[in-house]
Amino acid sequence: MDSLPLEFVSSARSSDAHPIPCTDHPDVQCALFATHGTHGVLDLGASKTVIGSNHVADLLNGLDPAIKEKVTKTSCDITFKFGNEGVLHSSYAIVLPIGRLKLKVAIVKGGTPFLLSNSLMRALRARIDCENRCLISPLLDCEVPLKLTSRGLFLIDVNSLAVAARLKDLQERDSGELKDISHLTLTDLQDQKVQFGQKHLGRPFHQVWEEDQEWISFIASKYAESTKMSHRLIVRYITLRVEQHERSQTPIRVAPPAESQAASSQLPMSLRPVPKIKAKPKAASQIPHSEIVHLPDMEAEEEEWNLGTYQSGYTEPTPMNADMMAMQTRMLHLENALTQVIQHMEHQAGIHQPVPEDQEGA
1 MDSLPLEFVS SARSSDAHPI PCTDHPDVQC ALFATHGTHG VLDLGASKTV IGSNHVADLL
61 NGLDPAIKEK VTKTSCDITF KFGNEGVLHS SYAIVLPIGR LKLKVAIVKG GTPFLLSNSL
121 MRALRARIDC ENRCLISPLL DCEVPLKLTS RGLFLIDVNS LAVAARLKDL QERDSGELKD
181 ISHLTLTDLQ DQKVQFGQKH LGRPFHQVWE EDQEWISFIA SKYAESTKMS HRLIVRYITL
241 RVEQHERSQT PIRVAPPAES QAASSQLPMS LRPVPKIKAK PKAASQIPHS EIVHLPDMEA
301 EEEEWNLGTY QSGYTEPTPM NADMMAMQTR MLHLENALTQ VIQHMEHQAG IHQPVPEDQE
361 GA
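Okay, so the sequence shown: first residue is 1 according to the UniProt record's numbering, each after it adds one.
It is worth saying that the hints were derived from the structure and are not from the lab. Fair warning: this is a prediction, and the values are worked out from it, not measured in the lab. A portion of the hints provided could be inaccurate.
Only pairs whose alpha carbons sit at most 20 angstroms apart, straight line, appear in this in silico PhoX-like list of lysine-lysine [claimed, not checked]:
id : residue 1 : residue 2
1  : LYS104    : LYS68
2  : LYS222    : LYS193
3  : LYS199    : LYS228
4  : LYS48     : LYS81
5  : LYS199    : LYS222
6  : LYS104    : LYS81
7  : LYS102    : LYS168
8  : LYS73     : LYS102
9  : LYS168    : LYS68
10 : LYS168    : LYS199
11 : LYS222    : LYS147
12 : LYS228    : LYS193
13 : LYS102    : LYS70
14 : LYS109    : LYS81
15 : LYS109    : LYS70
16 : LYS168    : LYS70
17 : LYS199    : LYS179
18 : LYS68     : LYS102
19 : LYS73     : LYS48
20 : LYS168    : LYS179
21 : LYS109    : LYS193
22 : LYS179    : LYS228
23 : LYS168    : LYS73
24 : LYS48     : LYS102
25 : LYS104    : LYS73
Please work from the sequences and hints to get the whole structure.
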């Protein structure tokens with residue numbers, strides 16, 4: 001194995017390392033970092049995780065007991081080449097459990113800092129939020145904070161990674177067996193609130209049932225087989241309400257959208273527009289549901305219900321808001337007033353019109 005310059009080895013053991021020029025290569029500078037305990041430097045330029053033998057004891061002692069007891073040792077044969085032209089060889093590694101993942105940490109001789117590779121980040125499907133200084137991953141139970149050093153490097157606590165991944169793994173195992181909710185009644189569920197989507201988020205089930213049957217139908221068809229508890233609860237409520245109407249032989253009241261109700265209620269009865277009779281379409285047209293394309297800004301979970309097939313060549317007109325309806329009414333009144341003024345002027349002109357001379361003697 002090639003020997004490493006003494007300046008590099010001695011400086012790597014220092015708790016307050018600083019970049020120093022290498023003796024053999026004066027034009028190259030060695031960037032040395034101080035790590036401690038279970039914190040490692042996020043090194044996205046490295047494909048493998050590595051640590052110096054001087055830091056292994058601190059790393060193991062800082063792990064949670066449940067994580068530490070699962071650490072194993074394995075052999076490896078890896079040669080690391082550093083930016084200072086230094087070369088270090090690793091013949092063994094320790095394996096840390098990160099949830100279902102196994103992180104192999106190659107051990108090299110000396111004080112090389114704990115460097116976390118991009119392979120770990122890719123395996124975690126991690127997103128690094130630099131603004132909030134945290135790491136986010138679907139394999140973790142929570143966000144893991146990042147510590148920014150004075151040298152502008154991010155440090156990650158591997159113990160926090162392992163604990164968050166372990167909790168996530170345990171939660172997924174527990175959710176494998178669906179909790180029985182067949183004992184829940186309408187009374188138990190009617191005040192439960194919608195916990196997904198945006199349209200009715202936070203509203204109680206009974207209120208959504210009374211006001212938006214179209215959305216209720218969409219939820220019942222799409223999430224009938226869902227395993228998420230938030231979906232299962234509202235599907236259970238819908239099932240019980242339907243059974244209730246079937247037993248009592250009463251129809252389900254379909255209320256118009258709340259927006260149109262509010263708009264029409266603001267106008268007097270005499271001013272509300274009378275809907276016009278629609279002309280019969282020339283030919284029925286149908287849009288296949290399979291051809292519907294969701295745009296990137298659409299949230300399929302709650303917006304898909306707005307899409308569907310139409311059995312005629314026209315669609316329902318969009319209800320006018322209150323301001324537009326009021327303006328239309330005022331224009332009609334103005335038109336009627338002008339008509340009356342014109343008729344009055346014509347009438348006045350007819351009364352004062354002079355009698356022709358040939359009719360004076362008649």
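Hints versus structure:
For the given pair, LYS104 sits about 14 angstroms from LYS68 by alpha-carbon distance, which is consistent with the 20 angstroms threshold. Distance check on the hinted pair: LYS222 and LYS193 sit about 18 angstroms apart at the alpha-carbon level, within 20 angstroms; holds. Simply put, LYS199 and LYS228 have alpha-carbon atoms about 18 angstroms apart, close enough for the 20 angstroms limit, and the pair holds. Restraint check for LYS48 and LYS81: satisfied, since their Cα atoms lie roughly 11 angstroms apart, inside the 20 angstroms limit.
The hinted pair formed by LYS199 and LYS222 meets the criterion: a straight-line CA distance of about 16 angstroms does not exceed 20 angstroms. Annotation: proposed proximity of LYS104 to LYS81 holds, straight-line Cα distance about 18 angstroms (limit 20 angstroms). For a cut-off of 20 angstroms, the pair hint linking LYS102 to LYS168 stands: about 15 angstroms separates their Cα positions. Taken as a hint, the LYS73 and LYS102 pair is honoured in the structure, with Cα atoms around 12 angstroms apart against an allowance of 20 angstroms.
Simply put, LYS168 and LYS68 have alpha-carbon atoms about 18 angstroms apart, close enough for the 20 angstroms limit, and the pair holds. With a C-alpha separation of about 29 angstroms, the suggested pair LYS168 and LYS199 falls outside the 20 angstroms cut-off, and the hint is violated. This hinted pair does not check out: LYS222 and LYS147 have alpha carbons roughly 43 angstroms apart, beyond 20 angstroms. At roughly 15 angstroms between alpha-carbon atoms, LYS228 and LYS193 fall within 20 angstroms of each other, so this suggested pair holds.
Between LYS102 and LYS70, the direct Cα distance comes to roughly 10 angstroms. Compliance with the 20 angstroms bound is thereby established for this hinted pair. As the CA atoms of LYS109 and LYS81 are separated by approximately 13 angstroms, the hinted pair is consistent with the 20 angstroms bound. Simply put, LYS109 and LYS70 have alpha-carbon atoms about 24 angstroms apart, too far for the 20 angstroms limit, and the pair is violated. Taking the CA atoms of LYS168 and LYS70, the gap is about 17 angstroms. The hint holds against a cut of 20 angstroms.
Between LYS199 and LYS179 the alpha-carbon distance is near 27 angstroms, which puts this suggested pair outside the 20 angstroms criterion. The suggested pairing of LYS68 with LYS102 holds, with an alpha-carbon distance near 13 angstroms, which does not exceed 20 angstroms. For the hint pairing LYS73 with LYS48, the CA-to-CA distance comes to about 16 angstroms; that is within 20 angstroms, so the pair holds. With a C-alpha separation of about 18 angstroms, the suggested pair LYS168 and LYS179 falls inside the 20 angstroms cut-off, and the hint holds.
With a C-alpha separation of about 58 angstroms, the suggested pair LYS109 and LYS193 falls outside the 20 angstroms cut-off, and the hint is violated. For the given pair, LYS179 sits about 10 angstroms from LYS228 by alpha-carbon distance, which is consistent with the 20 angstroms threshold. Taking the CA atoms of LYS168 and LYS73, the gap is about 25 angstroms. The hint is violated against a cut of 20 angstroms. Using a Cα cut-off of 20 angstroms, the hinted pair LYS48 and LYS102 holds, with the two alpha carbons roughly 13 angstroms apart.
Pair hint LYS104 plus LYS73 holds up; C-alpha atoms about 9 angstroms apart against a cutoff of 20 angstroms.
Comparing the model with each earlier hint shows violations of hints 10, 11, 15, 17, 21 and 23; every other hint is respected.
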